[in-house]
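A.B. asks: Residue-level listing of the chains:
Protein chains: 2
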Amino acid sequence: MALTQVSSNKRCDGYQKVFEHDSSELKCKMKFAIYLPPKAESSKCPVLYSLSGLSCTEQNFITKAGSQQAASEHGIIYINISTFTVYSGCNIEGEDESWDLGTGAGFYVNATQEPWKTNYHMYSYVTEELPRLINSNFPNLGKYKLYDATVLAESYSGPELDILIDQGRDGLFLSSSQLRPDNLIAAFSKQKIPVVFRLQQGYDHSYYFIFSFIIDHIKHHAKYLNA
Amino acid sequence: MALTQVSSNKRCDGYQKVFEHDSSELKCKMKFAIYLPPKAESSKCPVLYSLSGLSCTEQNFITKAGSQQAASEHGIIYINISTFTVYSGCNIEGEDESWDLGTGAGFYVNATQEPWKTNYHMYSYVTEELPRLINSNFPNLGKYKLYDATVLAESYSGPELDILIDQGRDGLFLSSSQLRPDNLIAAFSKQKIPVVFRLQQGYDHSYYFIFSFIIDHIKHHAKYLNA
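First to last, the sequence lines map onto chains A and B.
Counting in my numbering, the first sequence runs from -13 upward without gaps.
Counting in my numbering, the second sequence runs from -13 upward without gaps.
Please keep in mind that the hints were generated in silico from the structure rather than gathered at the bench.
Treat the hints with caution; some may be incorrect.
As the list claims (entries may be wrong) - Just the calculated beta-carbon pair ranges, DEER-fashion: (1) A135(B) <-> K13(A): 49 to 55 angstroms; (2) V137(A) <-> I149(B): 26 to 32 angstroms; (3) S(-7)(A) <-> L40(B): 25 to 31 angstroms; (4) N212(B) <-> K205(A): 35 to 41 angstroms; (5) S141(A) <-> I149(B): 58 to 64 angstroms; (6) F183(A) <-> L40(B): 41 to 47 angstroms; (7) S(-6)(B) <-> S175(A): 33 to 39 angstroms.
As the list claims (entries may be wrong) - Here are the simulated lysine-lysine pairs, DSS-like style, with alpha carbons at most 25 angstroms apart: (8) K30(B) <-> K25(A); (9) K50(A) <-> K103(B); (10) K205(B) <-> K205(A); (11) K103(B) <-> K15(B); (12) K3(B) <-> K50(A); (13) K50(A) <-> K30(B); (14) K13(A) <-> K30(A); (15) K50(B) <-> K3(A); (16) K3(B) <-> K17(B); (17) K25(A) <-> K3(A); (18) K50(B) <-> K178(B); (19) K17(A) <-> K30(A); (20) K50(B) <-> K205(A); (21) K30(B) <-> K17(B); (22) K205(B) <-> K50(A); (23) K205(A) <-> K3(A); (24) K17(A) <-> K50(B); (25) K3(B) <-> K15(B); (26) K50(A) <-> K17(B); (27) K103(A) <-> K50(A); (28) K50(A) <-> K176(A); (29) K103(A) <-> K13(A); (30) K25(A) <-> K178(A).
This structure is a prediction, so every number in the text was calculated from the model and none was measured.
For every residue, glycine included, the Cβ atom is placed at its ideal position computed from N, Cα and C.
Turn these sequences into a full structure, and let the hints guide you.
C.D. replies: Structural data, given as structure tokens:
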């Protein structure tokens, strides 16, 4: 699978790059962004995959989240994908009619019905094709585990966990119950899994919120990934 | 002069806001962004004005520069203006023909010729109208001094200075001589003014570059503004 470099910019001592490739799962062109910290020039680094939300391209996270300084400092490779541009070339009828269905929506599932089932395989893409691509092209540690947080929590029986969750308290998606952190907290409670859940007063669901807490989260992951 | 709040988002413990108003200098609607650190809730804070480049709106800096964490920490109010959207409503013939003349270009001068001279008063706007507006509506320290760095350096005779400049070494605008840091360095040399000029290898003229060094600059200003 050939990668074409779309852009490369030095940032925080490392490089923010964007690549394009033909996806065999999605049957169209796909873009992903990769931040390579300076440490990656000489050794393998752990990778964090950040899944884009509805209507996002790979640009949202790299321009708005402010993750690079901490990724540089802790030697973390950061991957972000586009869930928006990817499907734009498929020309499926009705794909642009709704902001939260069709071209703007990844959903990280494999569609089973027409007209979506030929291209909309984002689940296989992020769990198989993309990690394979990253592992064979970049100096990372090659580990990848699947997470649906609530499902995993409900059946968890491993060693003690250290979980950090931030949630903006004053965003519309939470107040309209489109986000359900309570399901996750219920699973933790049932399983007696300790968690730090910070319901942040005044914050919404935007990248301003992500930017405000991303450093805490990279530090949190780096503690274990670099251990 | 009435301010209309366009948006307000909590970020890094403070608030990132955008306001709109009718500008008497520009004779059209103008937008500016203001970051209010948590300290501004209870006391006056120093203000940094960041002038937007060609084709920028107030959004470029607030989404891409990553200034808010340091502004929050050091108690600095940060102001950014739009040089792009401001003139879009003037409907001057030819205003959209070139990316670096017309609607996308502030230039921080007062135009003296038709068809620009009625609206294109960005010099008076940033040096008089905007500071007056900020000083009368927000809890800041109300100090404002004019800077054209090279002109000021050439005639400087005050107390010892502490100047920090970062410049991306590998951007197109520098290699094509559209940026002239050498003029500034020549003025410093002639006047025996000490300067730290960091020509940063690998960096370009983008916001990735600004993001990489903004924290150093806010700290640098805060050292004196909070003294």
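A.B. asks: Does each hint fit the structure? Answer for all of them.
C.D. replies: Now for the hints, and whether the structure bears them out:
A beta carbon spacing of about 54 angstroms between A135(B) and K13(A) agrees with the range 49 to 55 angstroms that was offered as a hint. Taking 26 to 32 angstroms as the suggested C-beta distance range, the pair V137(A) and I149(B) does not conform, at roughly 56 angstroms. Evaluation of the 25 to 31 angstroms hint for S(-7)(A) and L40(B) yields a failure: the beta carbon distance comes to about 20 angstroms. For N212(B) and K205(A), the hinted distance range of 35 to 41 angstroms is not satisfied, since their beta carbons lie about 27 angstroms from each other.
A C-beta distance of roughly 60 angstroms is found between S141(A) and I149(B), which places it inside the suggested range of 58 to 64 angstroms. Checked against the given bound of 41 to 47 angstroms, the beta carbons of F183(A) and L40(B), roughly 45 angstroms apart, stay inside it. A beta carbon spacing of about 35 angstroms between S(-6)(B) and S175(A) agrees with the range 33 to 39 angstroms that was offered as a hint. Distance restraint check for K30(B) and K25(A): the Cα-Cα separation of roughly 42 angstroms exceeds the 25 angstroms cut-off, and the hinted pair is therefore not satisfied.
Our distance criterion of 25 angstroms between C-alpha atoms is broken by K50(A) and K103(B), whose separation comes to about 36 angstroms. Among the hinted pairs, K205(B) with K205(A) is consistent with the structure: their alpha-carbon atoms are about 22 angstroms apart, no more than 25 angstroms. As the CA atoms of K103(B) and K15(B) are separated by approximately 16 angstroms, the hinted pair is consistent with the 25 angstroms bound. Our distance criterion of 25 angstroms between C-alpha atoms is met by K3(B) and K50(A), whose separation comes to about 16 angstroms.
Restraint check: the Cα-Cα separation between K50(A) and K30(B) comes to about 28 angstroms, which exceeds 25 angstroms; the hinted pair is violated. Taken as a hint, the K13(A) and K30(A) pair is broken in the structure, with Cα atoms around 30 angstroms apart against an allowance of 25 angstroms. A threshold of 25 angstroms between alpha carbons decides the hint, and for K50(B) with K3(A) the separation of about 16 angstroms falls inside it, so the pair holds. Simply put, K3(B) and K17(B) have alpha-carbon atoms about 11 angstroms apart, close enough for the 25 angstroms limit, and the pair holds.
Straight-line distance between C-alpha atoms of K25(A) and K3(A) comes to about 15 angstroms, which keeps the hinted pair within the 25 angstroms bound. As the CA atoms of K50(B) and K178(B) are separated by approximately 35 angstroms, the hinted pair breaks the 25 angstroms bound. With a CA separation close to 23 angstroms, the supplied pair K17(A) and K30(A) stays within the 25 angstroms bound. Proximity of K50(B) to K205(A) is assessed by CA-CA distance (about 21 angstroms); at most 25 angstroms being required, the pair is judged to hold.
Using a Cα cut-off of 25 angstroms, the hinted pair K30(B) and K17(B) holds, with the two alpha carbons roughly 23 angstroms apart. With a C-alpha separation of about 21 angstroms, the suggested pairing of K205(B) with K50(A) holds against the 25 angstroms cut-off. A distance of roughly 22 angstroms separates the Cα atoms of K205(A) and K3(A); the hinted pair therefore holds under the 25 angstroms criterion. Simply put, K17(A) and K50(B) have alpha-carbon atoms about 20 angstroms apart, close enough for the 25 angstroms limit, and the pair holds.
Between the alpha carbons of K3(B) and K15(B) the distance comes to roughly 17 angstroms, so the proposed pair stays at or under 25 angstroms and holds. In summary, the hint linking K50(A) to K17(B) is supported, as the alpha carbons are separated by about 20 angstroms, within the 25 angstroms threshold. Pair hint K103(A) plus K50(A) does not hold up; C-alpha atoms about 32 angstroms apart against a cutoff of 25 angstroms. For the given pair, K50(A) sits about 36 angstroms from K176(A) by alpha-carbon distance, which is inconsistent with the 25 angstroms threshold.
Among the hinted pairs, K103(A) with K13(A) is consistent with the structure: their alpha-carbon atoms are about 11 angstroms apart, no more than 25 angstroms. Under the criterion of a C-alpha separation no larger than 25 angstroms, the hint pairing K25(A) with K178(A) is inconsistent with the structure, at around 38 angstroms.
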